[in-house]
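Q: The listed protein sequences derive, respectively, from chains V and L. Heads up: the first sequence begins at 1 in the UniProt record's numbering, then just goes up one per residue. Heads up: the second sequence begins at 1 in the UniProt record's numbering, then just goes up one per residue.
Treat the hints with care, since some could be wrong.
As the list claims (entries may be wrong) - In silico BS3-like cross-links for lysine-lysine, where the CA-CA straight-line distance does not exceed 25 Å:
#1 L:Lys227 with V:Lys227
#2 V:Lys26 with L:Lys41
#3 L:Lys228 with V:Lys227
#4 L:Lys227 with V:Lys228
#5 L:Lys93 with V:Lys210
#6 L:Lys154 with V:Lys26
#7 V:Lys154 with L:Lys26
#8 V:Lys227 with V:Lys41
#9 L:Lys154 with L:Lys41
Source of the hints: derived by calculation from the structure; they are not laboratory data.
2 protein chains.
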Amino acid sequence: MEATVAITEAKQKKGKPDPETLQFGKTFTDHMFTMEYEEGKGWIKPEIIPYAPVEIDPAAMVLHYSQSVFEGLKAYRSPDGEAVLFRPDENFKRLNRSNRRLSIPPVNEELLMEYLLQLLELEKDWIPDAEGTSLYIRPFIIATEPSLQVAPAKAYKLFIILSPVGSYYPEGIHPVSIMVEDHFTRAARGGTGTAKTGGNYSAGYNAQAKASGEGHAQVLWLDGVEKKYVEEVGSMNVFFKINGEVVTPELNDSILQGVTRKSVIELLQYWKVPVSERRISMEEVLTAYENGELEEAFGSGTAAVISPIGELTWKGTPMIINGRKTGEITKSLYQTLTGIQTGQEKDPFGWTRTIS
Amino acid sequence: MEATVAITEAKQKKGKPDPETLQFGKTFTDHMFTMEYEEGKGWIKPEIIPYAPVEIDPAAMVLHYSQSVFEGLKAYRSPDGEAVLFRPDENFKRLNRSNRRLSIPPVNEELLMEYLLQLLELEKDWIPDAEGTSLYIRPFIIATEPSLQVAPAKAYKLFIILSPVGSYYPEGIHPVSIMVEDHFTRAARGGTGTAKTGGNYSAGYNAQAKASGEGHAQVLWLDGVEKKYVEEVGSMNVFFKINGEVVTPELNDSILQGVTRKSVIELLQYWKVPVSERRISMEEVLTAYENGELEEAFGSGTAAVISPIGELTWKGTPMIINGRKTGEITKSLYQTLTGIQTGQEKDPFGWTRTIS
Ligand SMILES: Cc1ncc(COP(=O)(O)O)c(C=O)c1O
Ligand SMILES: Cc1ncc(COP(=O)(O)O)c(C=O)c1O
């Protein structure tokens with residue numbers, strides 16, 4: 001991979017959007033980063049160019065066999081106006097893990113970080129500064145070789161696109177209702193669940209529609225084998241506080257290894273709050289609920305950071321958690337994580353990377 | 001959907017390729033069919049235009065969440081020069097089943113057939129006539145709305161592209177070696193296995209690479225839950241002849257409902273050969289093998305039509321089937337099916353559709 005990025009500036013700059021009316025993932029900045037992979041040459045042509053539609057062959061393999069991976073992270077505006085990234089190295093590591101699962105050639109993580117920094121340098125005015133807002137960063141790789149053979153492509157394109165996003169909680173953090181999904185499977189043992197690859201997401205649309213139709217915000221996924229064990233919630237990892245201990249499903253080969261999940265665990269350990277990663281069944285969650293020991297529940301992910309769960313419905317029976325109020329640990333995690341991410345709180349872990 | 005297709009003819013026509021050197025899915029004809037879906041308007045703008053790269057927004061949802069479906073069928077050249085399609089209605093029905101699983105709006109199957117016929121009318125000279133050759137037809141739908149929200153798109157594009165293909169068996173039909181995959185999963189219960197959607201295919205690349213590395217042509221997939229029951233072989237359905245009876249895994253919610261599979265079953269019933277659709281475990285296959293009752297095995301699919309299996313390796317133990325020779329039933333099925341498909345044999349089932 002070459003270190004020098006060719007930059008073509010956009011002739012016309014777009015106006016910055018009003019953060020109050022921003023919908024997630026619909027507005028993009030003036031520029032994007034692109035790079036190509038050619039067999040025998042590796043990753044070549046790193047470029048920053050105006051954000052615009054690109055040409056793709058109708059036979060490009062990504063359109064047929066979904067050979068693609070992506071990442072999602074955010075840049076926040078610190079109180080003194082700097083751009084702050086949260087554990088971006090973790091995202092690039094995960095990108096390469098996803099690449100391996102999807103038979104996509106690995107990228108040089110350090111160089112990719114350099115490219116991202118150059119792109120952010122150019123687009124830094126796009127990082128909004130209102131409370132709760134950020135610039136969402138979406139690196140992704142697609143198979144571009146025009147071929148209908150069911151086999152890994154010989155050509156790929158990597159993009160980094162940027163999208164300013166409004167607050168996830170414009171009216172303040174509040175608990176949501178979740179439905180446990182008994183029929184549909186997000187990812188199975190031996191499948192692609194640990195990879196951030198498109199197929200895992202569109203596979204969940206039916207279940208999400210069912211949950212929404214019944215008044216729930218998201219779906220809780222169970223394991224694909226026995227439909228007994230808790231896996232994730234929508235596009236978040238999930239935690240339960242049971243009788244003083246915070247429990248989250250252990251990593252296996254179907255759960256996505258969330259960067260927020262990892263940070264929650266490390267923060268709880270730092271706070272000396274008991275936390276364990278282990279298999280947890282819905283039966284155990286229900287029993288804890290019935291015994292009055294299910295004290296808090298929340299999801300963790302880049303989009304919402306922490307999302308308290310106020311109601312969890314399994315087989316038609318709703319469990320109301322903490323009287324539908326945000327729990328203490330949930331609130332502390334949200335405040336501390338968002339504080340560190342936005343540079344408003346001190347970062348004892350070295351998680352943030354500031355771009356001045 | 002509108003019945004009138006706007007046709008823009010290619011200014012320059014490509015030369016027809018030599019069928020001897022054709023690689024599958026690398027050469028495309030002069031024109032393609034496209035149609036768009038817009039929320040509130042439905043499927044609009046049916047068009048036949050020159051085959052060429054198209055513009056796509058980098059945020060097009062298909063590139064992020066793989067919301068896409070496809071189909072695959074073939075047009076053959078009959079001895080008197082007509083184009084013959086094999087059960088195309090089955091493909092369009094399956095397209096809509098895939099659409100439902102992927103939350104993509106359904107298409108009007110009759111109209112889509114009309115569009116395909118118009119495209120074939122224009123491209124009929126592209127159907128090769130050498131033995132074993134055909135014109136591969138690839139309808140597919142992709143989510144085009146530019147949005148990073150994890151939700152069904154509000155805009156789609158449907159394409160039909162055409163690719164002349166050489167003979168699958170340039171040296172005559174011959175048995176292949178297959179490896180049973182114990183670790184990776186293609187599709188799980190509650191997953192997307194019955195849909196022809198990209199994610200199922202790239203998910204299998206790792207397993208295919210492992211099998212190829214060990215000298216096998218393809219992978220035999222087991223069920224995603226217990227890893228005990230036979231599902232499919234590569235991109236084919238699978239049949240075993242055990243002690244005079246032909247057995248194929250029954251349809252469940254992870255196996256693709258092959259058009260060739262259905263035709264094999266109907267043909268065997270017509271011939272009064274015992275055939276059953278039921279769950280079949282690898283244990284049962286191995287026991288049959290050890291008892292000398294595993295008489296034949298083959299895969300079925302549009303690409304190869306029938307692919308005899310000469311060796312099946314499970315947990316390191318190879319089973320040699322019928323002395324690595326193509327079995328009698330396997331051969332008859334291949335000859336009759338290809339005979340009907342190419343219009344060389346009489347079609348007592350009304351399976352073929354001739355375009356004059
Ligand atoms: C399926 C899934 N689980 C969990 C997460 C949470 O991961 P992270 O904390 O890295 O955002 C995500 C993505 O963000 C996800 O897509
Ligand atoms: C996974 C899979 N199984 C089986 C088949 C066979 O289906 P058909 O006979 O309709 O070609 C295909 C596709 O062709 C497939 O992709």
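Q: Taking the hints in turn, state whether each one holds.
A: Outcome of the hint check:
no. : hint                   : in the structure
1   : L:Lys227 with V:Lys227 : holds, 16 Å
2   : V:Lys26 with L:Lys41   : holds, 21 Å
3   : L:Lys228 with V:Lys227 : holds, 18 Å
4   : L:Lys227 with V:Lys228 : holds, 18 Å
5   : L:Lys93 with V:Lys210  : holds, 24 Å
6   : L:Lys154 with V:Lys26  : holds, 13 Å
7   : V:Lys154 with L:Lys26  : holds, 13 Å
8   : V:Lys227 with V:Lys41  : violated, 45 Å
9   : L:Lys154 with L:Lys41  : holds, 11 Å
Comparing the model with each numbered hint stated earlier shows that hint 8 is the single one that does not hold.
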